[in-house]
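Colleague: So the sequence lines, in the order shown, correspond to chains U and A. No gaps in the numbering here: position 266 of the first sequence is 266 in our numbering, and each next residue is one more. Convert by adding 1000 to the 1-based position in the second sequence; the result is the number in our numbering.
Keep in mind that the hints are not guaranteed to be accurate.
[As the list claims (entries may be wrong)] Just so you have them, the derived chain U footprint on chain A, three or more residues with Cβ under 8 Å:
#1 1101-1115
#2 1127-1133
[Stated by the list, open to error] Partial list, derived from the structure: chain U residues whose beta carbon lies under 7 Å from chain A:
#3 V4
#4 V154
#5 R157
What the hints contain is simulated information worked out from the structure, not anything from laboratory work. Heads up, the beta-carbon is just placed ideally off N, CA and C, and yes, glycines get one too.
Okay, here's what each chain looks like letter by letter:
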Amino acid sequence: MTRVWLPSSLEELWPLWAENPGAALYAGGTDLLVRRRAGLVRPEALICLERVAELGRIEPDGPEVFLGAAASFSRLLSSPLVTEKYPVLAAALQRIGSPQVRHMGTLGGNLVTASPAGDSLPPLYTLDAVVELVAVGATRRVPIAEFIQGPGQVDLRPGELVSGVRLPATDGNLQHFEKVGSRAALAISIASLAVAGRLSDQGEVLQIKLAWGSVGPTVVCAPAAEAALQGKKLTPETLAAAGELAQQAASPIDDLRASREYRLALVKNLLLRLAP
Amino acid sequence: MTIRFEINGEKVELEVAPDARAVDVLRRELGFTGVKEACGQGECGACTVLIDGQSRLSCLMLAAQLHGRTVLTIEGMAHGDRLHPLQESFIEHGAVQCGFCTPGMILAAESLLGREPRPDRERIRQGLSGNLCRCTGYQKIVDAVEAVVRDGGEKP
């Protein structure tokens, strides 16, 4: 019989985890409990993080914002710190799963699961999120692009857990998210695109970050496409040229949801939606 | 392990296998068979229950996670013989065919109205987007919820 704990603080968690090093950690359960029921994982014990106070915090920290790893997507969506400062993240969270799934799922889960289709991940790349990791007596901060190393592979050392993400202040006036799935809700992304940046009063790109989901083993960034847009206005022509550069950075697969060709077309076409 | 929580207005204390799923304990130990299970992996919404007023999937929760919470299932929606306005409206609008999705639909609607009392038709559709119905085509379900919003929660 698998034992289960629900610690309410990190102080309570550490000794439990030390005594049960084979325990699996989870918060929302929307991924782990599905895989457990399917027999894909057989953890000898479970530690549920949903009540760990430190992991549920959503708060400003100087110019940054800290989003706790175990705060549910719906709690993040009810915070003006997220909806007003980081609309690209809010738009992505709003498209995850269903209301029920958003009441359960968390950023920490999306990060550690590191699925190429994790919808919160492309916005976190464009916002230069830093992942905060805690262990007994130690804290480490890793930029998201270094934290995620491959599908399901993350820079998490033994004894460490994700405590949250830090988002730097943004003065950007351009934030945008697109997701294509087989239906509006409860759909795993076929492709997604997150955009964050700053336009001049004349509409020229002063700074731009682009990140695509589900079109490569992890989130796909395309510095060449970003460079091509620098100083330009977002027109169908400039965006199409950037989209072609982005296609070279993407490496989508054929699967039951969509073909490689369709995904490649989306890499470019989603960008065209930025045209006024 | 021993868990204590409130369900449909009553406090309960029971001994459960630590890794039992909430849906199984609610149905088998407590007899709340209005909690339905279809997909068992968070795709269909049939097992929706309200935890502290928020819709969640009881197939993706362990019973241990119910400890200390307030749980509402479809059995707790009516007051004695008086059905909840959502239940009345589902009957009135023919929003029920086979009925298997209905408990989850009504609880998802209740969760929506709890956080947003006056949703428009589009917001109602979004609020119910985590619940699959294979009979009605959804229109009558949305009609039923819309009528409750219009009537301010009074009996239609």
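Colleague: When I compare C-beta atoms, does the region 1101-1115 of chain A have three or more residues closer than 8 Å to chain U?
Modeller: The restraint on the region 1101-1115 of chain A holds, since 3 of its residues have a Cβ under 8 Å from chain U and three suffice.
Colleague: Apply the coverage criterion to the region 1127-1133 of chain A and chain U: a residue qualifies when its Cβ sits closer than 8 Å to a Cβ of the chain, and three qualifying residues are needed.
Modeller: As far as the region 1127-1133 of chain A goes, the hint holds, because 4 residues have Cβ atoms under 8 Å from chain U.
Colleague: Are V4 (chain U) and chain A close enough, Cβ to Cβ, to be under 7 Å, as the hint says?
Modeller: holds (4 Å)
Colleague: Verify the interface restraint on R157 (chain U): the C-beta must sit less than 7 Å from at least one C-beta of chain A.
Modeller: violated (27 Å)
Colleague: Taking 7 Å as the limit, does the beta-carbon of V154 (chain U) come near enough to a beta-carbon in chain A?
Modeller: violated (22 Å)
In this structure, the earlier hints numbered 4, 5 are contradicted, and the remaining ones agree with it.
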